[in-house]
Every structure is written in structure tokens, then in C-alpha cells.
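Q: Chain order of the listed sequences is A and B. Each position in the first sequence, counted from 1, maps to that position plus 146 in our numbering. Each position in the second sequence, counted from 1, maps to that position plus 3 in our numbering.
Hint data in this document are derived by calculation from the structure and do not stem from the laboratory. Just so it is clear, CB atoms sit at the ideal spot from N, CA and C, and this is done for glycine as well. Check the hints yourself; a few may be wrong.
A short, non-exhaustive set of chain B residues, derived as facing chain A with CB atoms under 10 Å [claimed, not checked]:
hint : residue
1    : Ala67
2    : Tyr151
3    : Thr162
4    : Tyr163
5    : Thr241
6    : Asn244
7    : Phe256
8    : Asp257
9    : Glu263
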Amino acid sequence: MSGPRPGRPRGRTRRRAGFAARVMLAGAALTLLSGCAGWGVSGGSSGGVVNLTYALWDPHEQVGYQQSIDEFEKLHPNIHVTIENVPYGNYEQKMIAEFITGGAPDLFWVNTPWLATFIKDGMLTNLTPLIKANHIDMSQYYPQLVALHSVGSKIYGLPKDWDTIALYYNKAYFAKLHLTVPAILNWNTNGTGSFVTFLKAATTDTSGHNALSPRFNPNKIATYAIGIDNDPQGGWGDYVAEAGGKVLPYPGAPYTSLATPQVNAGITFLTKYLTGDHVMVPGDLSGPNANGNNLEQMFAQGQVAMWEQGDWNTLTVKTGVTFPVGVATLPIGPDGRVSVFNGLIDGLNAHTPYPKQAWELEQWLGSPQSEAILGSGGYVWPAIKSLDPLFLQYWQKQGIDMQAFLTEAQGKVVNFPNSPGVGDALTDVDNDLGPAFLGSEPVSQALKTAQTDADYVLKTS
Amino acid sequence: MSAVTTTSAAVATGLATEERTSRLGKGVRLTGFYLVILIIALIFILPYLMSIFAAFKTLPQILAQSPLRPPTSPTWSNFSTLFSQYDFGRYLANTLLVTVILTAGQVTFSMMGAYAFARMEFPGRDSLFWLYLMTLMVPNIVTLVPLYVLFAHSHLLNTYWAIFLPYVLGVPYQVFLMRQYFMTIPKEVMEAARLDGCSEGRILWKIIVPISRPILITATLLAFIFGWNNFMWPLIVTNSNSLNVLTVGIANFDSNFGVEWNLVLAGALVALIPMVILFAIFQKHIVNSISLTGINR
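Construct all of the structure, not just a fragment, from the sequences and the given hints.
A: Here it is, written out as C-alpha cells:
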């Protein structure tokens, strides 16, 4: 029945040839694509040029770092650097995963909450021998930054920037109230002081009465004087330090010192006095668990006059609001004016196949030349003290006087807590302090819970 | 007589009143029904609307205005920044490239597998099929780490291959979908072709494919939408920004130094537009896919 039909084999051959041609074409296309970047295995070295990868998490600063790296490549024609921008929310986990599988970047930003854990896990190179061999002058940097990134005599990164906490304020609002933000304001642990009086004068209800007036209606507040996060750096951490308290008794400690009268006094000042006086944005309006997520928007909308934050928010403030912005220093507490101090380093991958070249890049990024590029572009405060005016001048030209941040850096500061596991421990602390900010739990109880939870994390990290 | 007339009139009046009440009740019920539908529709539409509005606003406008307020002077600057400063053109091209490869491979290989499971006779066919189908029950997140390790050992991390290879050789869902459809094609059609000397390959390409267009289009759309929206896997397996797909490119704006929402939402709109166009063109098939599968992935 089904004998071969005339012409059939020929037709089949033609069709097969057509199919084969299509397969070959597809193969050729794939081969061509394989030659393109992204299809082959990346990294390594080719033609005597070493390809380094440099990981960071901020798309804005990436622009500044690319400018710096362009200069580096001119000076080192045998080193090519590719910047990898990784979303901050996934950064820590991605770095760890890449170390486990052997594909980690040669140099990468390290934030302080992860620093001690990365050191403990052997991810970072001890730079002390290299610093000594290359006669790098460590006194050019802020000494607190060097201490922050050291364990004993081992230094794990050349400081390249710093940050402090201050008060961004709405100049137009204060001008309307005929109020000047004083350079010096004080607070006491019993809820008194010029700072509290000033905040009362700066808080207004919908009828225009301020919180000093007997006609002030706390149920109809139009503008709160200040917004402060439930946060160990930009929020309560500064008041705890100003009350003489410490989150960790010493750097690297495997336990916290949260349940102390000093820490209690710093947090109580915010949760009992400023919140009770209706001058600070209450926890439930500030954001989930009083984390301050809503404060940026409230500041932009004129619902809060002063926003306490770190200098890394300056670009957001500049581009996000329509009114002129000033910056005031933190108030002075019982233990003085104390800002939490922090900064980033570039961690040098302890397992990089190109330690020499990665060290060259580390040196460059910590050098006056590179820090001048980043500082004069307004990206970060340079960690080299003498270069600070560059950053200041950039923002002065943009209409924002950043002197308050510098004043604090040059004054009394407390380093961001540093110990293995401290990032996770502080997350627990914030979660446990939330009820105190929301007014549903006494500060002493919240601190006890926070200490128990954080200590467990630190001991098991 | 008059008593009868009066009674009839009363009954008629009663009926008319009842009808009016019934009409009124129906009207109230319908109004209530449409009101509920409208509220549900608004819940679904509003987030998209707010994102679209925000994509054409500056950051101060986003922060200071109600998200429901349309932009008074729409700006294109967010889009120009995305494409000039952040290489979104490349992210778009990368997304298109990997999605097209993923879709073509997934549909082709799933179809071949489905044909084998539906219409080819071999020992253990059904057991193998159900075993394969069982993997559908395993959440993707479970296989994420082993897959990552596999790609790391194959030195394929940070390549285009890594983005699409796990999905390109077919997925259980697609195989199941097509197998069920192929089962509805009468066996006699294939038997006749075999009697005519057709190979299994030719039966698949020359007979099954033309009569299975609806399910193939559905499968193509599902694969394309999955590939386009895939985020977690490309985020994990790529490091270089030159290999970023749109979803990862948008996530890169996540910084602890402040988020530029105007760029995030403009980027989201860039990612959304091709999907909306696809939906507009193939909406009949997408709706069909829901009725065919009972699932909207």
C-alpha cells in the first residue's frame, strides 16, 4: 500500500537539507553569540591584562567610582576593573554565596554591620603587612575610622569615606515661623532643656498654634518639629551615646550593654518626653515598628520640620524637596554632643587570584587622588581629613551647608557597633524596641528583651 | 360582575406593585453587584495607575503629592536618565534575548516531551510522566541552591547561559499542559500518518503542530511572561551589570543611601509596556489559556 512514491525521496532530501540548513544557521548564530561578551566565562586575565571585579550597591556613587577607576586604569594599563552594582537588600547574602562558590569580587564594599562576620569567616585580607610595606600614612585618615576597621593590630581596609548624623531642616517653614535654628541646644534626661523648648516652638497645629501655646491642639498637628527613627545609627543611637550609654561594652564584644540606666535614659527621652510632648512624629506615623520609613515623605510634604538622618541622604533631600534645606547639629546631651560615626571600606577578597592587582586598586581608592574625585563630586565625605573641604564646597554650590556633619565628625563621636553578628543583632534590637516607640511597652522591658535577643545572636555568631 | 372587576383590578394592581418591587430589587441588586465589581477593579487598577503617574513625575512631586494625582506637567526626564545614565537599553536587550531563547526552547522541548508522553508507546511511560509531574509540586526556591552550585561548578555563572538554561529544556507545567491537549487529538490521525510512512518527528511537526496552535500559543505566552518577569534566578546567577535583565536593573536602585522612586517606577513602566502590548495582541489566547488550564501563572 505504501510503496515509495515517485519523487518522494527527492522531496524528503530537500526538506531534510532545508531543516539541516536551519539547524546549521541556528548553530552558527549561537556560535557567533558565544563569541560575544556574556556568553563565555567572564573574569580572569587575557592578553596580559588582569580583569578585576569591584562590587558596590549604590547606582549614584557608582558614577563617581567609575570616574575614579577610569583614572586608575590610565595609570595601570594592565588592570581592567568592572564595577558590579548589587541591590543592597541582597548584597550581604550575594557576597557570601559568591565566596562559597568561588566567584566573589576581588574588591567589594563592606558595611560595618557585616564587617566582623566577614573577618571572622576569613573573607577579608589583613592589610597591615601591605600597609607597612607600602609606607601608607594612616594618620591622614580619621583615627576612629582606622579603629573601626581594625581588630587588634590588623587593619582590614583603607578608610575611604565617613558619615555622621545631623538634622536636615525646612528653611522655609522656620522662616515662616520667624524661628532661627540655634547652633547649640541642650537636653536633659528628665525631658527639659532648650532643645525641648525649641521643638515645642517649632511644632504647630492646624490653627497655627505652637506646642508652647495653651491653645495648642495635639490632636490636630499640622507639622511636627522633628522625626527620629527607631534606628541605632540615625535615631536612638545618638541619644543613647549622649546619655553615656553604649550598645556594646567594647568593640568585638559577644554581648550587649543595653539594659543600663544610660541607654534607658536616651531612649526614654525620645519615647516618653519628645513623643509625650507631641513634638516628635509618633511611632505609628513614622513607619512600621517606628522605623522611620515615612519620614522622608513627611519631610517633603512639610509635615515634619526637622529630619534626623545621616549625610548619605543629602542627594535624596536635595532632589526630593522643593524648599531650601539647612542642616543643624545634634543637640547636646548629658554626655555632650555625640554622633554615631561610620564609614565604608573596600574589602580585599582573601581568596582573589590577583591579590597584587586588587591591592593596587585598594590603595588607589584610599588615596588622596581618588578620594578627591569622590569628595569634589559630592558623592561622599573623604576619609582623608584634609580633603573634607572639597565635599563641603560641592554642596555649598548646590545650596546646602553641610558644616554640621563636619563639626560632629571633628567633635565627639562613637563608632557604629562592631562585633560578629552585630547586623542581625541590631535588627532584633530594633524589632524589640518598636513597642517602646509605639507606647505599648515600657522602655526597661523592651531593653531587657532586646538585650536577651541580641546577646543570643552575638554569642552564636 | 363589578365585584369581580374590582377583584381583578386589585389583583392587577398587586401584581404591578410586586413587579415594580421586584424590578426595584433587581435594580438594587445589580447596582450593588456593579459597585462591588467596580471596587475590586479599582483595587487591581490603582497600583498600576499610581505607578504610571509616578513614572512621569519628578521625585519632589512623588514625595509631596498624593499618588492618585495625575502628573500636571508630565516629565520624560526619568526615562532619559534611565537610558542615558543607567544603560536600560542594554537591560531591555538582555531581557528580550534571554526571554526569546527561553521561550523558543521551552515550548519546543516541552512539546516534544508532551508528544512522547501523550502518543508514543514505550515501557513505563505513564509512571515516568507522573514522576516528572511530581517535580511540579516542588517549589522553585528548593532547587535554587543546588542549581546555583551546579552552574558554579560548570563555570557558567555570570553568563547568558545561566539565565535561561534551567528553563530552556522544558518545564513540567508546559509538558503537562500540552500532553493533555495532545491526548484530545484522535489516535487515528497519527496512525494514518504512520501507515503513510511518516516518522514520529514528521507527525509532530507536520500534523500535531498545525492542529495544536491554540495550546502552543498559550504555552508561548506563558513562557514569555515567565521569562520576562523572572527576577530571583537572574539576580543570583549574574554579577556583571552588562548582563542585567530589566527586573534586576530596577532592583539595583535599591540602596541604603536613599531610593530614587522616580527612576524605579519609570523602570517598572519600561518593563510593563511590552507585557501590556503582548496582552493587547493576544488577549483572546491569554483568556483561552486560563480556560484551558484553569491556572493563571
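Q: It remains to establish, for every hint, whether it holds in the given structure.
A: Going through the hints against the structure:
| no. | hint | in the structure |
| --- | --- | --- |
| 1 | Ala67 | holds, 5 Å |
| 2 | Tyr151 | holds, 7 Å |
| 3 | Thr162 | holds, 6 Å |
| 4 | Tyr163 | holds, 5 Å |
| 5 | Thr241 | holds, 9 Å |
| 6 | Asn244 | holds, 6 Å |
| 7 | Phe256 | holds, 6 Å |
| 8 | Asp257 | holds, 4 Å |
| 9 | Glu263 | holds, 7 Å |
Going through the hint list in order, the structure satisfies each hint without exception.
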